[in-house]
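Going line by line, the protein sequences match chains A and B. Counting in our numbering, the final residue of the first sequence is number 115, and the numbers go up one at a time with none missing. Counting in our numbering, the final residue of the second sequence is number 117, and the numbers go up one at a time with none missing.
You may find that some hints are simply not true.
What the hints assert, rightly or not - Calculated Cβ distances over 12 Å to all of chain A for the following chain B residues:
1. Gln6
2. Ser26
3. Gly43
4. His82
5. Glu88
6. Thr96
7. Leu105
8. Thr106
As the list claims (entries may be wrong) - Once the Cα atoms are required to be at most 27 Å apart in a straight line, the calculated DSSO-like pairs of lysine-lysine come out as:
9. A:Lys41 - B:Lys49
10. A:Lys41 - A:Lys19
11. A:Lys52 - A:Lys22
12. A:Lys22 - B:Lys68
13. B:Lys68 - B:Lys49
14. B:Lys49 - A:Lys40
15. A:Lys19 - A:Lys52
16. B:Lys61 - B:Lys49
17. B:Lys109 - B:Lys61
18. B:Lys109 - A:Lys40
19. B:Lys49 - B:Lys109
20. A:Lys52 - A:Lys18
21. B:Lys68 - B:Lys109
22. A:Lys40 - A:Lys22
23. B:Lys68 - A:Lys52
No wet-lab data here; the hints were simulated from the structure. Being a predicted model, the structure only gives us computed values, none of them experimental. Quick reminder that beta carbons are idealized off the backbone N, C-alpha and C, glycines included.
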Amino acid sequence: ETGVTQTPRHLVMGMTNKKSLKCEQHLGHNAMYWYKQSAKKPLELMFVYNFKEQTENNSVPSRFSPECPNSSHLFLHLHTLQPEDSALYLCASSQDTQGSGNTIYFGEGSWLTVV
Amino acid sequence: AQSVTQPDIHITVSEGASLELRCNYSYGATPYLFWYVQSPGQGLQLLLKYFSGDTLVQGIKGFEAEFKRSQSSFNLRKPSVHWSDAAEYFCAVGATDSGGGADGLTFGKGTHLIIQP
Numbered sequence: 001e002t003g004v005t006q007t008p009r010h011l012v013m014g015m016t017n018k019k020s021l022k023c024e025q026h027l028g029h030n031a032m033y034w035y036k037q038s039a040k041k042p043l044e045l046m047f048v049y050n051f052k053e054q055t056e057n058n059s060v061p062s063r064f065s066p067e068c069p070n071s072s073h074l075f076l077h078l079h080t081l082q083p084e085d086s087a088l089y090l091c092a093s094s095q096d097t098q099g100s101g102n103t104i105y106f107g108e109g110s111w112l113t114v115v
Numbered sequence: 001a002q003s004v005t006q007p008d009i010h011i012t013v014s015e016g017a018s019l020e021l022r023c024n025y026s027y028g029a030t031p032y033l034f035w036y037v038q039s040p041g042q043g044l045q046l047l048l049k050y051f052s053g054d055t056l057v058q059g060i061k062g063f064e065a066e067f068k069r070s071q072s073s074f075n076l077r078k079p080s081v082h083w084s085d086a087a088e089y090f091c092a093v094g095a096t097d098s099g100g101g102a103d104g105l106t107f108g109k110g111t112h113l114i115i116q117p
């Protein structure tokens, strides 16, 4: 138990569907992240939020839409995805985004399959 | 921006043998360094981290890592591996307060550890 909870753990969606991934952290952290992990590829940082403000968007396609209503919750809204978007989506949090507080704690991940 | 290289994609070690996983980083100052482990179907778990001070850091599950500034390395070691250590291992680098760099951590591609009986 890392203090970062992701739901759902598994999701299968069609290319025309709209779905959302949810992440909640119980660590009192200020920063939250979405990472994408595909087979045979390195971990890709998608988005960074610090104090609810987005600080990084690593050229992620607009079919992925993040939302951070407060420092404890982070969503990833999905629409019109492609099969190549199938991957493990990892949420994480840290006290700060840089410096000594940037130890990142990960959730268990949400396995997404796009059919 | 910072970057990390893990030169070994796969490593096979016999149970009870010693282990060393390599990690090299690129960063303009002394970075913050991390090792994470990922078991199949799971998220990443922090094994250990280096921020400053003693260059040999101890982590969970009997792992240790040594920061060598001259070699820009942060190799992970364990004196005797167990079958349960089979997993994916990721090295990561983070920016310091004054060093600048990207937010969050930058991860290497990972090393897949296989344990032979």
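Structure-based check of each hint:
1. Gln6: violated (9 Å)
2. Ser26: With a cut-off of 12 Å, Ser26 of chain B remains clear of chain A, as the shortest Cβ separation is near 15 Å.
3. Gly43: It is violated; Gly43 of chain B is separated from chain A by about 4 Å at its closest Cβ, not greater than 12 Å.
4. His82: His82 of chain B clear of chain A: closest Cβ-Cβ about 22 Å, beyond 12 Å.
5. Glu88: Non-interface label on Glu88 of chain B violated, nearest chain A Cβ at 10 Å vs cutoff 12 Å.
6. Thr96: violated (6 Å)
7. Leu105: Its Cβ does come within 12 Å of chain A, the nearest being 5 Å, so this is violated.
8. Thr106: violated (8 Å)
9. A:Lys41 - B:Lys49: holds (23 Å)
10. A:Lys41 - A:Lys19: Within the cut-off at roughly 24 Å; holds.
11. A:Lys52 - A:Lys22: holds (15 Å)
12. A:Lys22 - B:Lys68: At roughly 39 Å apart (the allowed maximum being 27 Å), Lys68 of chain B and Lys22 of chain A break the hint.
13. B:Lys68 - B:Lys49: holds (14 Å)
14. B:Lys49 - A:Lys40: holds (25 Å)
15. A:Lys19 - A:Lys52: Given pair Lys19 of chain A, Lys52 of chain A holds - Cα atoms ~21 Å apart, limit 27 Å.
16. B:Lys61 - B:Lys49: holds (14 Å)
17. B:Lys109 - B:Lys61: Given that 27 Å is the threshold and the Cα spacing comes to 22 Å, the pair holds.
18. B:Lys109 - A:Lys40: Holds: Lys109 of chain B and Lys40 of chain A sit about 8 Å apart, inside 27 Å.
19. B:Lys49 - B:Lys109: holds (18 Å)
20. A:Lys52 - A:Lys18: Since the Cα atoms of Lys52 of chain A and Lys18 of chain A sit roughly 23 Å apart, the hinted pair holds (cutoff 27 Å).
21. B:Lys68 - B:Lys109: holds (20 Å)
22. A:Lys40 - A:Lys22: At roughly 25 Å apart (the allowed maximum being 27 Å), Lys22 of chain A and Lys40 of chain A satisfy the hint.
23. B:Lys68 - A:Lys52: violated (36 Å)
Hint compliance for this structure: hints 1, 3, 5, 6, 7, 8, 12 and 23 are not met, and every other hint is.
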